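These protein sequence lines are chains L and Y, in that order.
The opening residue of the first sequence carries number 0 in numbering that gives the first Met the number 0; numbering runs sequentially from there.
The opening residue of the second sequence carries number 0 in numbering that gives the first Met the number 0; numbering runs sequentially from there.
Worth double-checking, as some hints may not be accurate.
[Unchecked claim] Some chain Y residues near chain L, calculated using beta-carbon distances under 10 angstroms:
#1 345
#2 605
#3 676
#4 704
Please keep in mind that the hints were generated in silico from the structure rather than gathered at the bench.
Just so we're clear, the structure is a prediction, and the values are computed from it rather than from any experiment.
Glycine included, each C-beta is placed from N, C-alpha and C at the ideal position.
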Amino acid sequence: MKIDRRSFLALAGSTGLTLGLPGWLRGAHAAEPFQGPYWVFIDAGGGWDPTMLCDPKGKATSDAINPINNFLTDEILSIGAFSIAPVDGHQAFFERFQNELLVINGIDAQTVSHETGNRHTWSGLTDPNTPSLGALLAATASPQPSLSFLSFGGYDRTAGLVAPTRIPDSNSVNDLAYPYRMNSTDPDSVLYPDAIMDRLAEARTARLERQLGQATLPREARALEMFRQAHSGENELAELAIHLPEALDNSANPLYRQAEMAMAAFKAGVTVCANLHIGGFDTHDNHDTNQSDALAELLLGVSYVMDEAERQGIADQVIVAVGSEFGRTPFYNADNGKDHWPITSMMLMGPGISGGRVIGATDDEQLAKLVNPTTLVEDPSGVAITPGHIHAALRELAGIQADPLSQPWDVGSSLPLLG
Amino acid sequence: MRTCLPLGLLSLVLFSCGSEEPSPAGPDDALTELGSCVSDEAFFKTEVQAKVLTPVCSTCHTRSGLAFGSEFILENSARPDYLEVNRDTLSDIAGLERDGTSIVLLKVQGMEDHGGGTVLAKDGPEFAILSEFVNRLSAPVESCPNEVPPDYGAGLKLLSHTDTLRKASLLLVGRIPTEVEIARVEAGGEASLREVLREQMAEEAFVSRMKEVYNDLLLTNAFTSAYSGVSLLDYDRYPNRYWYEYDDPDLESDRRAATSEAISGEPLALLAHIIENDLPLTELLTADYVMVNDFSAMSYSVDGAVPPDPDDPTAADFRPEQLDGVPHAGVLTSVAFLNRYPTTESNRNRHRTWAFMKKFMATDLLQFADRPIDLTQSDSHNPTLNDPQCNICHAVMDPMAGLFQNWDDDGALNPRETGWYPEMASPGFEGEVLPADRIDSALAWMAEQVVQDQRFSVSTVQTVLHGFTGLELLTASAALGTEDEVAAWEAQSQFVNATASAFTAGGYDVKDVVEEVVLSRYFRAIDDEGATPGDLVLAGTAKLLTPEELDRKLLTTTGYAWSSWDGQYLTNRYRLLYGGIDSDAITMRLRDPNGIIAAVEQRMANQVACAAVPRDFVLPASQRRLFPMVEPTYLPFTVDGFTIPEAEQAIRHNIVYLHQHLLGEELGLNDPEIEATYQLWLDVMLEGQAAMAAGEQDSWLRWECRATTWDGLTIPPELQITTDDDYTIRAWSVVLMYMLTDYRFVHE
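Next up, chain Y with everything else stripped away, as it sits in the complex (with noise of 0.2 angstroms):
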């Protein structure tokens, strides 16, 4: 039997109607001539898994799920082909009738022992999905000619390879690319595009930008800034916690800092192991090492371990050691990651196991508890056990909760005497039970099954896609109600999933990973070219700058450091004013710009154009970053009123060059941009000269602005720089404001 569903009912016009529903010209003539054939693939993934399965079906059907014991089991997009899946899995299910009537169209109704009972009205629109999705078992729809597979990608223009390339750089590695770098790309186009950025990612700064990207994550640097590192040791396991208070006086303050810092330190330094030496992104979470150095070798009393100098440099290097008796899991038995995601008695590890699953499984737990609780139905003896409204969650947490049975609320190695709660879920992953052996080394256990499972290397892809990008990403769960909202999650989940499977097949490379994002259209697309709805919403080039990356591309582009006797304006001063993080109270990166963050940049740019400009113009032009083409002394014309043409020229080349320098622009010499900065600086040098022969401005640059030092050093007193006579210095100055403020400096 075929049946129509009513026009409106669905957000595609789904109808795939049989000869119920007569037209003069055939229904599915007709149907194709409107364009509403709609195959049993994309009526599947559009209605029944976007409306029916992922809301109501998997808050209970998944294999850590409440009815993980039943055969209906889902698998979720964290799997590539979990469609595919779903689809066979739901087909079989509707399969099985009971007097004519489905069993699934039953059990939705709380029949035929459904155990989540009545869960769809059948006069809903989830209802009719399902009914459609019956109907079609017995007269399919393999195919439609107007349906087209969306090619994500394919109306976006993207940056070329060697804007790419600038863009990678920065983000990267902080850094403007070199010439070569540039120049073979040029000639090689992508092939060399991923060479480059493969020889970048060998580069100190990059494995410093992943540990920023990956604190965004785990913000255990939280203890690195109160010099909290090292009171987190368990004093009863490592009585030599505060070794250095038994040694030299005069260096107790500086070992103390440094050993904080390495033991706060320890989750972002296995991260950079990693990076470093070409491993496996698995071992984030299966090390059987910690990452220690000098300092904290001596808090854990590694055999050889001598009080380091804090004056020589290796002595904070970090290198991997095995502590006796430490069952160690990577990341997972640090004691900055224990703390920063702490428990209580009534707790039992569940805030740590929502931690975990959210930063390395691609899962919030908390979105099944968005389901509305009803007290007056609770179950109060033990609710998180036997009452379904709490059990969604639990069913899942309190098993991996359980993992963590053997480190205490502190954080330390300290294994319950009396064994973990008879009343909780016995600990164990995704319905395997914790084998007895391996209790002492839970932990290790769970990141052995979790590193094979596909959310693993999703979450990986996500972590990356969001730090280099900006991206907040979509959610199966978030309201997807309309096309184009199913789209942009398609596209996205397509890239994610597909990048997440190379990754694995690639053996956890998480260089593999970022390649494949700066070569995607999330980080390259700038243009619309007739781009798919899904493409469309999330792809750009947007990102506003966090203040670290602000910072780099301020001192790589101008040579000047924004500082103060505290240290770099907006890595410290500015930093939370400037959307930062501080790891431990606020944790999330302001993305939008606001009026606070507004005013920084003019400070910014206000201060740094002022030192920067005259400074440059002390060094011989081949050396010069930011004027390379010009001198203070180039005036378009004279005096009298006579025209160079060649210092003009010599201008507009430099205003090109700055464009392209600063803000990423490859601008013609008579692009209406280059003309309106011209302008600005012709306007500004007029303007001041006017008010220097008014008096109310002089030759004499401002203290702050002279170029007499650099960099603490004194500039010979010939080359100083102290006046500006033409006022082209505070022309170029101002030229500089106007870019450094400018919407393409402050984003990427």
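Chain L with its partners taken away, still in its complex shape (with noise of 0.2 angstroms):
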């Protein structure tokens, strides 16, 4: 008996087990570079405070109690469109971004939970083992380099739709990058003839065909067929490598090293998407100062991206989406901190977004307000931004929002939140 494949790419958002795989369905395995656009999500951990960030709010008098944050509404930033925290850093940031980003406040992640945070704000929707939009996009892209979907933490589940890769450090890159080098920096240590190495590819190739065609099982189908994937790009290392700084960045913002990584990894045609994390938000205590430390962290690996970005050439190509799993308590508590709140913020920039802009906004008390679903200005009778509405926006984006792989996993309607 087989079962039948609807039933199995069902199954497969629950148990990884996917047959949908692009090159199984496209034969789409990577001959040619990927040419973009590439997706840099970037992930704040642990619940960040946008009230401290892109949708300030401020205690009218020093004397106010129970303040929603320590600064005053009088000092308030304001740069362009946007109303910004006065914390170190931000207005740097926001001036030299006024003019790309797009601010989205007011979003209700419904959630209190990490884990069930981190999915909605990542996929779209609350679901168990749903795929992060990155793996969606990376399973989607075509040609699908084998390093299609890199993660450096954050929501990386991919519902077996592609593999993610972790890359710890560049000297296992170059290391790896020709793996047939007895010494990986001499390129005559090789120990076979070209011809030689052909033969065995060939025959690899070749076991690795009748094997696919011998599995009868769904699982060990699916693994062949992710083995074949991962075997497919052979020189995307090297490729990697040549792109890669010859040192990487060692500083303590761990953001840096991985978009020196990510942005390699694009100009080298090897991937379609980078998860990109940094941890330090969940301030259950010392929020002031822990929060506002995180937050200079953040903007500035979101500029060193953006710089990479444009080091390798590809700038106008990436595509950024910058936010946390959810905000965070508009009082403190006894311990100077605050606890976790489901109303949080998003910022996004790149080709296909327009930028300058906020859409939605909170009320005093850090509660969502409702937008026009067609005008997105602020109705009473309207909806409140979710997650989903964002991803539904991002998948058309990306022209992903009917593909068969995205199918299973829907994240309803989408608002113009993109313009």
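Got two chains here, each in a separate frame; can you build the complex from them with the hints?
Right, dumping it as structure tokens:
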């Protein structure tokens, strides 16, 4: 008995067993470098505080009781379309990207659970095992390189659609870029002539085809297909190694290093999407110091992403989304910290995204204001913006909203968020 | 009254209609002909439980849910008979009526003082399912001729007993089975296989393997690599924790590392102690002792402890020890566990509770949190206690969080002077309040309750099943929307629950679970011969080996340890690249290969083949792992072109051997795979000879490949292999590369 394909695809959502592999369905193994657009999802891990960033809320007077923040409302800055909190580093960031940046405030993540919030923010759904948008983009890309989905953390579930890749350091990339050299820096250290290596590759390919033809159990057939996909890009690491900096950044900000590797992978045409991650936002105590430090590092990291994109000459092809699993309470706890709060924000920029705008808003108690689904202006009878709306819009931007691989995970209708 | 549901409403065709749906052939006959008769049992299982009770009612109506005080309490799949119990429970409630309507149908519409308000729309499919259930109470359908109970596993071809032995040996103890073991299993079938498996489970390598499986669960090795274990100890309670700083300075570094490793290793040492001594696995939670060795005994100031010599191999041996004043509760009171799952003043042990329930009770509380929160409906005064949106999780979580109350944010035994937070639910478990005389040993009390819960056994089976098959197990709350999905979950649940029950009945011997997993279709299925959809989805041998497993397989099959100055490549330099974990920031193993993993495999194959092939030929044929049937001088024909049939046959026989030895394939001499491998060998040999003749290659092996040393020892000059005049060594090396990068070598 054969399991029906629809059922199996749907089941894949909970098991990681997906027959709907890009290579399987489309034969789209990478023959040419991937040309973009390139997607970067930057996760502020732990739950950031938008009221200290792009949805600023201050206290009216210095002696206000139970303030939402300890800075004064009068201190809030205005740059272009944006109001920004008076936190070190924010002004420079918003001045630099005031024409490119789209800020969406008042997003209702509908949860205060880290796990669920992560899933909702980066997949558009709260259902368990939903693939991240990054995984969907990588899986639907054509051609599909074997390193299509780089992940440095954050929500990177793939539901079996694509294999995520970790690259902890560049030395290993150099090692593995030339796996048949005994000494990776010595081109003459290969053991066999090209003709023999070609014969070996031919034998391997033929063997794998025979194995695929004989596999009757879906789990094994899928594993074989993933194996084939993984081995399909033998020159991709060498391409990546060419574009990596000689020495990766070694500073305390993890985003710098991640950005360098991600942009090099994009430039090499071996990667479609990269998940970048920085922690430190779960500020249950000493909120003001810890949160502002984390936000400053985050914004420096986002800037560095664009610096690297420019250095690699791909800035006009890079789409960036910055978000977090939820926001933080509009009040302090006994430890001068802030706990979890479902209302959050997101920042987007890149080709296809109309910048210099703010959509959505929150009230004084950090509750989301409803917006008109057509005009996006505040409308008490409108809708609350959810991650699902944003993902629907991003899927449309990527042109994957109708893709069969997207279908099992319907995020609902979109709003005209991206302009 | 009998009613009909619209065709297509249900994923199964669920007509069990009566006289109101006339049919020329009579309703029952017609339905039977259509194969659409659905028994009450099947209807309850696939419709009521899967689509109404599990996703809707069970969020509150459980023993630990928000509606725990109601008369309608549902069981979950951790209890083997949960379907029967829930069906009886629902039938009892559904049989009550007001004005001719079942109470159940009124309550789900928010009537009859339903605490959860309206949960089902009257025109929705779930309400229709519930209505059909009520109707069936007065018109039961006991059985249907077209319903045949699924025979899970029946249509799957399994690995033979000897092939199962091979796979199990590699995964349980990291070695190829011995000839004696194989012979026993060949002669004795499953019974002998079970015997051999039990013997292997007495080996030290099995204990190490189980520690890997359980570290994937507990992640307490996070503190080992950082040498940070010792710093977890509370200085006030253990002022001698840094004992090594006051002794021989030359030994300080080694002693510090050993002490840290001992303290961070306490949870897994307890597991090892249980396995080695055939103790019930419940001791993992209930042990009234901690595992210490000579190093950590110094930090704990155990009576009689003396500074150990780091070079003394017995100093690192663990033993149980009761520490003064510590209310031990197995791993729960270890500093490694408590620090791996930390808490804060505002978190109040909820994170620890979530981790505990997920790891030991087969329950992910965060699944409840998937329901959207509406802030406008929230009671901001004490939402975790009073707001139903929050209380769904917190009603379960907070009483158990209170049981961790004696252990502070840093994992130190530090009972709160003011007692547990009065604004939180009282500490307890499943509705039972912590007895006052057990406050000091609250975690031990919780452990005593939990190990009696079937969910502990279920979680054990899930851990072992995942550990040895790599399967991502289905959960009841996942999107089980089709027949196949429900069937797959049912098949899995049937196996897990049956194995869990046997585990409980057998006295919690975890080796029983390992044995059943190894014998199961999830470990052994290799072909579809008419399997049920449920079996077809999850069964199969498709586990990408972990870096640790691949490293052991490489060593046992080739005899060569692929290593560098910093240790084994696969378990050190390439561990994370190959999908492994560091138990700290990277905690999820990659289950699918990517381009990096493929490159590691290629590099591994290239370097191992280069080194292992000439060295294998150095050994007498009887001691070789790779080439017992050939010599480097064996060529299939002479320089004049005359065939040498004996040599060709020997080469082919060795290829048959390699396919079995490395890939686990039992192939005949004339199998196309053997021919393909032979042709590869032949082509490489001829191509190489041609390249040598053209001066593009020479007979010298590259220096890394020359067999001049072995494990650091110099090979006697007369046995050394440094040249390859016929290019046969390199042809065999390429064949080995072919096999080491094969799907079947890197998967089991």
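Inset, instruction - Could you check if residue 676 of chain Y really has its C-beta closer than 10 angstroms to a C-beta on chain L? - result: This hint holds: residue 676 of chain Y lies near chain L, its Cβ roughly 8 angstroms from the closest one there, short of 10 angstroms.
Legend entry - Cut-off 10 angstroms, beta-carbon criterion: hint that residue 605 of chain Y touches chain L: 5 angstroms, holds
Legend entry - chain L contact restraint for residue 704 of chain Y - C-beta distance below 10 angstroms: Hint on residue 704 of chain Y: holds, closest Cβ of chain L at ~7 angstroms, below 10 angstroms.
Inset, instruction - With a cut-off of 10 angstroms on the beta carbons, see whether residue 345 of chain Y makes it to chain L. - result: 5 angstroms, holds
In summary, this structure violates none of the numbered hints.
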